[in-house]
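Asks: Single-letter residue listing:
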Amino acid sequence: MKEHALLFGRDRSLIGVLTESGNASSHGENSLTGVLLLSSGLDHHVGPNRIYVKLARLLSEMGFVVLRFSFSGIGDSGPRRDKLPADKSVIDETQQAMDCLERMRGVKKFVLMGLCSGAGAAFLVAAHDQRVRGAVLINAPVPKTPGTELAPQHTYYWRRALFNLQSWKRFLYRESDYQGIWKSLNFKIKKLIWPGYIENTEYALIIRELREFLQSIRKNNVQLFFINTDEAGGEHYLHEFMPGEYTSLKNSGIICSILLKGADHVIRPLAAQSRLLELISNWMAEKF
Amino acid sequence: MQTKIHDTVDVRDEVVPFYFGTSPQRLYGCHHPPQASRGKSSAVVLCPAIGQEYNQSHRVIYQLAVLLSRAGFHVLRFDYFGCGDSEGEFEQGSIVQWTKDIHTAVGEIQVRSGQPRVYLIGLRMGATLAMQAAVDCCHVKGICLWEPVLCGNRYLQELAESHLVFLDEWRHKIKQTRGTGEGSPEEFTGYPLTYEMRREMEAINTDHIKLSSGIRLLAVTNYDELGCVSDLDRIKEINPHAKIQVIPDQTKVWKEFYRRLTPHKTLRHIVKWIDNLQA
Chain A
1 MKEHALLFGR DRSLIGVLTE SGNASSHGEN SLTGVLLLSS GLDHHVGPNR IYVKLARLLS
61 EMGFVVLRFS FSGIGDSGPR RDKLPADKSV IDETQQAMDC LERMRGVKKF VLMGLCSGAG
121 AAFLVAAHDQ RVRGAVLINA PVPKTPGTEL APQHTYYWRR ALFNLQSWKR FLYRESDYQG
181 IWKSLNFKIK KLIWPGYIEN TEYALIIREL REFLQSIRKN NVQLFFINTD EAGGEHYLHE
241 FMPGEYTSLK NSGIICSILL KGADHVIRPL AAQSRLLELI SNWMAEKF
Chain B
1 MQTKIHDTVD VRDEVVPFYF GTSPQRLYGC HHPPQASRGK SSAVVLCPAI GQEYNQSHRV
61 IYQLAVLLSR AGFHVLRFDY FGCGDSEGEF EQGSIVQWTK DIHTAVGEIQ VRSGQPRVYL
121 IGLRMGATLA MQAAVDCCHV KGICLWEPVL CGNRYLQELA ESHLVFLDEW RHKIKQTRGT
181 GEGSPEEFTG YPLTYEMRRE MEAINTDHIK LSSGIRLLAV TNYDELGCVS DLDRIKEINP
241 HAKIQVIPDQ TKVWKEFYRR LTPHKTLRHI VKWIDNLQA
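So the protein lines, in turn, are chains A and B.
According to my numbering, the first sequence is numbered sequentially starting from 1.
According to my numbering, the second sequence is numbered sequentially starting from 1.
Treat the hints with care, since some could be wrong.
[Claimed, not checked] Ranges between beta-carbon positions, derived for each pair:
(1) G73(A) with Q92(B): 25 to 35 Å
(2) E161(B) with E231(A): 26 to 36 Å
(3) G106(A) with K255(B): 22 to 32 Å
(4) N164(A) with N205(B): 37 to 47 Å
(5) H103(B) with R211(A): 38 to 48 Å
(6) W168(A) with H103(B): 34 to 44 Å
(7) K210(B) with S281(A): 32 to 42 Å
(8) K190(A) with Q92(B): 38 to 48 Å
(9) R170(A) with L164(B): 38 to 48 Å
(10) H4(A) with Q92(B): 19 to 29 Å
[Said to hold, decoys possible] Here are the simulated EDC-like pairs of lysine to aspartate or glutamate, each with C-alpha atoms no more than 16 Å apart in a straight line:
(11) K188(A) with E240(A)
(12) K190(A) with D264(A)
(13) K54(A) with E91(B)
(14) K54(A) with D136(B)
(15) K2(A) with E91(B)
Simulated from the structure, these hints should not be mistaken for lab results.
Every residue gets a Cβ at the ideal spot worked out from N, C-alpha and C, and that includes glycine.
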């Protein structure tokens with residue numbers, strides 16, 4: 001296994017580490033698959049608890065060429081000089097990383113991985129770039145477009161709070177967000193009795209956009225692997241807001257998902273870290 | 001010559017990432033070449049914290065490197081063996097190894113910058129390691145200790161408390177996981193702590209570290225509580241030439257960085273101190 005520090009991108013301001021096996025790829029030159037680990041939130045390219053380093057080393061031993069890098073303004077990478085919004089810049093910078101691996105190692109197909117906002121970025125790029133063949137989305141965030149976010153409380157109440165003793169205690173002790181609960185209940189009832197209700201709410205735009213993303217993912221046969229540490233992640237919003245499309249993709253095997261138990265959002269327990277590596281390596285071995 | 005410290009982002013800050021040292025213990029570093037028109041006749045090595053504190057303070061160390069390079073210094077940020085982007089696994093690291101890594105980093109920046117004089121700036125455990133490294137490194141001309149770990153036992157206690165806070169916050173999902181004996185690593189908020197590492201940390205006591213009077217020494221704390229200052233005063237008892245500075249600023253920059261602001265006052269003070277040593 002070899003690791004190389006990389007300075008790349010149009011402005012040569014993005015910084016990352018390339019990890020690859022010392023031998024030629026076990027997959028053969030023509031089918032070389034690159035893996036990009038996208039930085040999450042404000043964490044740099046070692047990932048929370050250094051988990052990206054472990055993951056990169058493991059995948060490189062399996063024959064993948066792995067690049068983990070920090071988005072502009074994060075970690076070692078310099079800031080952008082333009083005013084491109086974050087949801088556009090992550091696409092642009094991930095594409096620059098793919099271009100870099102294509103030039104350096106001739107890699108033409110990619111699997112993107114990320115945790116939290118890194119997963120959000122991976123999903124966006126997967127819907128926009130045909131070189132992407134798969135994405136591992138760890139605790140993917142609630143989908144959003146500028147100005148609109150699928151209301152987080154809807155899925156939270158039905159999937160988590162309803163079954164949580166602490167939430168019920170807070171409810172009884174008047175510590176809950178009753179307005180939020182009412183809004184969610186109201187939304188749920190209307191959704192049940194009024195087909196097409198969502199298309200008449202403020203979520204119409206984002207639902208339309210997500211639908212296009214999912215169509216693109218289906219068309220390009222991009223394999224998605226959702227790993228969630230709870231029942232209220234981005235994947236569950238896809239299920240809640242577009243059950244038809246979601247179920248269809250799940251049935252066709254394009255979407256796989258698993259609940260990683262005993263872990264917090266950034267996977268601090270060591271046992272959960274080991275389990276995460278095992279899950280990802282198994283999925284990669286099966287799909288690529 | 002003193003240099004104006006720029007903290008705007010108008011300047012194009014050059015960062016050169018690279019690996020150095022010998023395999024299988026190569027270290028990852030980032031060289032920030034001097035941005036000011038007239039470079040200084042010395043270089044700076046930044047010694048980061050370890051474990052979760054490393055992750056949380058990474059950006060602050062980056063910002064410090066940028067300010068120093070804008071002031072005209074060659075700066076090397078680097079990761080210890082088994083930490084960050086460097087080779088090895090965290091549990092393979094040790095206090096002895098990480099202290100050696102500082103020596104390796106000093107040698108590297110001397111070659112890259114052509115400057116024989118080096119200053120060390122360390123945060124938390126990085127400060128303690130820098131102090132230990134400086135004892136037998138004749139090229140180090142000054143050290144800044146930012147919230148150093150003065151007592152290993154207390155540091156371990158703080159790690160354990162952080163881990164308990166984490167377990168308490170996530171108690172609905174995570175059962176307490178603790179090692180029980182030799183060979184069984186404990187874990188503290190995402191990182192393993194081996195039995196050997198614990199033994200080494202327990203032995204840390206900066207009261208026994210006496211530096212040559214030729215090495216300028218600044219100890220910085222962001223707490224103004226009496227206990228913190230009196231702890232740092234112990235450094236002064238052993239090293240009378242040391243300067244102790246309390247800078248009211250963002251505290252605990254190594255914790256939950258997304259909840260904290262950049263400690264600008266502290267960063268500027270450190271840069272100014274080193275700049276003055278050059279003047």
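Asks: Now tell me if each hint is right for this structure.
Replies: Results of checking the hints against the structure:
For G73(A) and Q92(B), the hinted distance range of 25 to 35 Å is satisfied, since their beta carbons lie about 32 Å from each other. Separated by about 30 Å at the C-beta atoms, E161(B) and E231(A) satisfy the suggested range of 26 to 36 Å. Judged by the Cβ atoms, the range 22 to 32 Å given for G106(A) and K255(B) is violated: they are separated by roughly 44 Å. Here the CB-CB span from N164(A) to N205(B) is close to 46 Å, well matched to the stated 37 to 47 Å.
Between H103(B) and R211(A) the Cβ separation comes to about 58 Å, which falls outside the hinted range of 38 to 48 Å. W168(A) and H103(B) have their C-beta atoms about 58 Å apart, which leaves the hinted 34 to 44 Å range violated. Between K210(B) and S281(A) the Cβ separation comes to about 50 Å, which falls outside the hinted range of 32 to 42 Å. For the pair K190(A) and Q92(B), the beta carbons lie near 57 Å from each other, so the given range of 38 to 48 Å is not met.
Taking the beta carbon of each, R170(A) and L164(B) are about 23 Å apart, not inside 38 to 48 Å as hinted. Our hint of 19 to 29 Å for H4(A) and Q92(B) holds, since their Cβ atoms are close to 21 Å apart. With a C-alpha separation of about 10 Å, the suggested pairing of K188(A) with E240(A) holds against the 16 Å cut-off. Under the criterion of a C-alpha separation no larger than 16 Å, the hint pairing K190(A) with D264(A) is inconsistent with the structure, at around 33 Å.
Proposed proximity of K54(A) and E91(B) is supported: the alpha carbons are some 13 Å apart, at most 16 Å. Taking the CA atoms of K54(A) and D136(B), the gap is near 34 Å; set against the 16 Å cutoff, the hint is violated. The straight-line distance between the Cα atoms of K2(A) and E91(B) is roughly 20 Å, outside the 16 Å bound, and the hint therefore fails.
Of the numbered hints listed earlier, those contradicted by the structure are 3, 5, 6, 7, 8, 9, 12, 14, 15.
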